[in-house]
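Engineer: Read off the chains here:
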Amino acid sequence: MAVRVRLFAAIREAFGVDALDLDASTVEEVAEQLRRRCPSAEPLLARSRFAVNRAFSPAQTPLLDQDEVAVIPPVSGG
Amino acid sequence: MAVRVRLFAAIREAFGVDALDLDASTVEEVAEQLRRRCPSAEPLLARSRFAVNRAFSPAQTPLLDQDEVAVIPPVSGG
Amino acid sequence: MNCDRIQICPEPFSWATGELTDPAAGALAVFLGCTRAERAADGRDLLALQYEAYEPMALRQMHDLATAARRRWPIARLIMLHRVGRVELGEPSVLIAVSTPHRNEAFEACRWLIDSLKAEVAVWKKEIWSDGTESWVHGEKP
Amino acid sequence: MNCDRIQICPEPFSWATGELTDPAAGALAVFLGCTRAERAADGRDLLALQYEAYEPMALRQMHDLATAARRRWPIARLIMLHRVGRVELGEPSVLIAVSTPHRNEAFEACRWLIDSLKAEVAVWKKEIWSDGTESWVHGEKP
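Chains as they are written, first to last, in my numbering: chain A, 1 to 78; chain B, 79 to 156; chain C, 157 to 298; chain D, 299 to 440.
Only true hints are included.
Computed cross-link-like contacts, EDC-like style, restricted to lysine to aspartate or glutamate with a CA-CA straight-line distance of at most 16 Å:
| id | chain 1 | residue 1 | chain 2 | residue 2 |
| --- | --- | --- | --- | --- |
| 1 | D | 424 | D | 386 |
| 2 | D | 424 | D | 350 |
| 3 | D | 424 | A | 13 |
| 4 | C | 282 | B | 91 |
| 5 | D | 416 | D | 362 |
| 6 | C | 282 | C | 201 |
Far from chain B by the CB rule (all over 10 Å, computed), these chain C residues:
| id | residue |
| --- | --- |
| 7 | 161 |
| 8 | 162 |
| 9 | 165 |
| 10 | 200 |
| 11 | 204 |
| 12 | 230 |
| 13 | 245 |
| 14 | 246 |
| 15 | 267 |
Hints in this document: simulated from the structure, not taken from any laboratory. Even glycine gets a Cβ: it sits at the ideal position worked out from N, Cα and C.
This is chain A alone, in the form it adopts within the complex (with noise of 0.2 Å):
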């Protein structure tokens, strides 16, 4: 499935763009792209949560054509 990756804070600038276009069946793939493409990111990726289309989504997730998925690092507005 080709799903939109939205990447913010810390992992937008490890990644050092804001979105992804990859092809994943499941958000853990969506992970482990990721992973192989910023090593660098990994702990912080490892303590971030996934939305599906504005909601959290876990892991196992399945993908649709044109979800967006997006990477949400531990929060800290207020």
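For chain A, the structure is supplied; the task is to place chains B, C and D on it using the hints.
Structural biologist: Relative to the frame of chain A, chains B, C and D by itself:
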């Protein structure tokens, strides 16, 4: 001692005045004179505290000439 | 020296967030108490509240509460205002505002100040009802 | 239908007590979180915070929090605002404001909303220091 007695809220309305000049040597004597002067106010006087010169003061507090004694019925600010 | 604003206000009061901001303060907590619409069991509607204060004593008590709060919490700025006179439905009668380094202490101080003010400060309210009756509140309402 | 104001704001926000007043609301509680001056152990001073949000998700989460709060407390009006962009020392980054019939529920709802927002909503802050360094905050500061 010639003291000024300040009256507020329902006590003030019961007495029809917002201040009285009394001669009394303790807070308790002020209370006693108020009860005699307006028996209908007695239940609320019994639930009231007294302040001498703007600070809560117990019944046995001795008074000095020109003291300001205030009857403080249960408060309801806020 | 601190810059607390503590006032008994015969007219509607105004205030601004800017009065509370301080580089040391990461948290501002504000409480406003307002006249709330009420219907008595017999169908009368509350029109307004009329507040009366023993002003010099009330101000002294409010300053004492501010001093006590400053001993207990690291307060940067503090505002404590109370109306006297007639306060219409929805209008504020009391304002408590504090700024502190962190949010827990701001909430605690704000809550303690309004609770203490309501319990202790020499201010009274009279209810003014739609049928022309009026009644002083002396003690907690049920 | 309710009239909650829930926004992510790229510019300094403004609000007024009047947005919260309601005849049914006797109590208004407001919380503002601001950039607080800080000095690091090595002597650097904090200059500002830079906020970033995943805006559509953050807005959805804020609306969900408002809905959950309304189920739990009798909220008359609610405002929830969060800045993005650079927020200087003393400036507000977040505002939570609720009005309710009585004060206990106003304090509880306000506190719950800010605690939940800080724990869950997709917003991040970066610290900007006087020596030119910058660091993202991911997880509770010590």
